Amino acid sequence: MATTLIPEVSLLDSIFASCRDMAQDPEFSVAKRWLEQHPGRKAIGCFPVYCPVELIHASGMLPLGVIGAGNQIEITFADSRFQSFVCSIVKSTLELGLTNRLNFLEGLLFHSICDPARNLSSVFQRNFPNLFVEYIHFPQNFASPLARQYLAREYRRILDGLEQRSGHAPTTEDLNRSLGLYNQVRSALRVIYRIRTETPHLISAAESFVLTRAGTLMAPEDFLNLLDQVLRELPTRPVKPKDRIRVVLEGSFCELPPIGLIETLEQAGCYILDDDFLRGWRWFTEDVPIGDHPLAALAESYSERAYYSGTKHDSRESKAEHLIRLAREKKADAVVFQAAKFCEPALFDYALYRKALEEAKIPHLLLEFEEKTWSFDRVRSEAETFVESLLFD
Amino acid sequence: MAQSPAKTDYQGRIHNLQKDMIGRYYSRLTAAAENQGEKAIYMLISGNPVELIEAFDMIPVYPEVNALQLAVKKQSLPLILAAEEMGYSTDNCAYVKADVGMYFAGRKTPFATIPEPDLILCNYVGCNVYLQWFEHLREYSKAPIYNLDVPFFRTNADEPSEDDVHYVVKQLEELIEILERMSGRKLDYKRLQHIVELSGETGALWSDIKTLTQQRPAPFDAYFDSVMMMAPLYCLRGTEDGLWFFQQAYKEMKERADRHEGPLPEEKFRVVMEGPPPWPYLRQFRDLFSRWGAVAVASTYSTVGGIWEFGFRHDPQRPIESIARHMLQWNLTNRNFLQRYRQIKDYVRDWNADALVIHSVKSCRLFSAGQGDMREYFTKQLNVPTLLIESDIEDPRYFSEAQLRNRVDAFFEALEHQRMVVKS
Ligand code: SF4
Ligand code: SF4
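From first to last, the protein sequence lines are chains E and P.
With the working numbering applied, the first sequence covers 1 to 393.
With the working numbering applied, the second sequence covers 1 to 424.
In case anyone wonders, no lab produced these hints; they're calculated from the structure.
This structure is a prediction, so every number in the text was calculated from the model and none was measured.
There's no promise every hint is true.
To be verified - With a Cα cut of at most 35 angstroms, we get these calculated DSBU-like pairs of lysine-lysine: (1) E:Lys341 / P:Lys73; (2) E:Lys361 / P:Lys142; (3) E:Lys341 / P:Lys345; (4) P:Lys190 / E:Lys330; (5) E:Lys355 / P:Lys19; (6) P:Lys142 / E:Lys331; (7) E:Lys341 / P:Lys190; (8) P:Lys142 / E:Lys341; (9) E:Lys361 / P:Lys108; (10) P:Lys74 / E:Lys355; (11) P:Lys39 / E:Lys355; (12) P:Lys268 / P:Lys39; (13) P:Lys380 / E:Lys32; (14) E:Lys355 / P:Lys142; (15) E:Lys355 / P:Lys73; (16) P:Lys39 / E:Lys341; (17) P:Lys73 / E:Lys42.
Stated by the list, open to error - Quick look at which bits of chain E chain P covers, simulated, 3 or more residues with Cβ under 8 angstroms: (18) 84 to 93; (19) 120 to 128.
Claimed, not checked - Partial list, derived from the structure: chain E residues whose beta carbon lies under 7 angstroms from chain P: (20) Asn141; (21) Pro145; (22) Pro289; (23) His293; (24) Glu317; (25) Ser318; (26) His322; (27) Ala351.
The beta-carbon is built from N, C-alpha and C at its ideal position, and this holds for glycine as well.
With the hints as extra help, turn the sequences into a complete structure.
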């Protein structure tokens, strides 16, 4: 029988390896190279969860995900500014600033996700007076049409500020072009997530995570090319399904879990069919409509066609019911709730979810992580025990 | 040198008056719980639109006030533990946990039975935990919810934008429609104007009271004694009773000021207090400062429900707009961190304070996250001696008296030493 020779490193493997390097690079090297190649262009950092990146892009600037520093830097200065009971991403992001790693940015956008992030935006403003620091208040009254109208005006305000920094006032066409581009990016990411649900052996959660993260650190045009390559290669990837349980993962919408943690969960026997990693960069469940009023379209999409998130409080559907519905839709065996340590919104959600999951008789596992964690032995044994209990049930 | 503490709880006439009035308020709550009373509207303290609730003869229920009462009465810990049993984290705001614990324990407290909500009105004014707290109560009670979204005061402008004011006014109009449906009657606009006028007068008196501590000695402690006047400000604002309370309070405090009477035998240090108090150990905490003759002349905590001392008054000519402005601009929690720095800076200057004390509470990240930066700013940029200490607003497990005492003692010793050096 003839054996097919598989090249030692496939194209996909090498793409994921380089994404992994990018995802762990606290120096933003890829973005800096891009800026060198595009003289006169500027970059704006986006703190999680969601950021209207199209506004930045249409103003001629490069939106970048500034999402903490993982386990790559020591916290030396930020600890004295934020207390021990504040999550890691707040401190490591400030540390990036205090160690001059964000000097190449023109500005930084924050928004209303939680109380520490809000105060962080003020602390940035005070400590980095040259940086354009803006805070977007996203509406929480989804039941009222007023919220969408308000958000369109808020976008106008943000855009005005961006224009001043870039010197370019985008036209409706500019805005629509950016909406279209990011629609393509998000649509490709949705396909990847669909592949994960339907054929989870083809791409692991850790791989899709590093890919998405890398996408926040490069120009969207380049990211789209990368996504196209991945989508071309994936269907024929020579991998076989394994005997694993199927889980949906929630709670990691802001601070990024260490890649090793995701891998540990998978190695312990979980197919992660869906997750909320970097949810803000995938935010919409459908394309943002292109038309005469791009800001209104973007605002309307925020309220009408966005994923659920721990930082959105949509009274139109109970969060807990939503999670149960999601788990059932994905035919998941269990839910893994993986929250950043000290992350108040995620930890609050857990209390709601736990009650609902128990009532719905869906098994679940709670894990807390910190971005700086290196060792996953404890998680491994917890996850293995959990998986075994389900496999041999 | 530190001295053994004198009995420093405020014991004047208004102390009893306050007890009576809040007692009556709680009887109304119990009556509502027993289905004989008014409709109960759950609301949050910060920037509360109590005037509208009053205009429909409904009763405001403040889970925060209940939570703090539970802590003061040393009832909070078992309820917090019960909530943690349910899945709440040790890192979640303990106000919420005590309240959820109480909710599932049948809503009975030593001071009242708390009614089920007829409407959950989440006035989202700054604190993000508010959204989650009321989202949870809504899941548990299945009562209708209205998220009144108040844009955070996020720019460096002096005023919120017209867009923001418009957005809140329109939502208040939606809320009025909901209240009209619930009560089966139209809003009586004249009555609302009258209520708002009472709020305006109440605010003016409260502001006058707070200005009295600019004198030396301060006639009362603007942290520990102010809290006594805060419950009437939320529960009774916009009523004749509430106004009368503040008239009495002003009279009493003014008399003390005129007699040069302070809360301590001798006022040695004037401090500004930042952060909420540790309700479970208020008395012990106060004593740590009384021993040094330290009196709070101003506090940020006393402005969570509204800031009146810089000129804001409700305006009966524009009742709804002034309620909106109160929510948007004139309360501490909807202001950004740097605006809080400015507020404290103004206190230090205009109230002639010697130092800033930051009480960092684990539960309340709205207050505390980043207070290290605040300390940096006040000590390094403004040369204001600043002490940062940690405990909690609700959870007794985080109060370590010995540790706090060491920090407080070391701080005031250094201040005293500095003074002697300057004098000699
Ligand atoms: S990890 Fe959680 S608490 Fe920390 S900034 Fe993000 S949302 Fe806020
Ligand atoms: S976080 Fe602070 S302001 Fe918010 S509910 Fe808790 S104690 Fe109140």
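Quick check: which numbered hints come out false for this structure? Hints 4, 5, 7, 12, 16, 17, 21, 22, 23, 24, 26 are the ones this structure does not satisfy, whereas the remaining hints hold.
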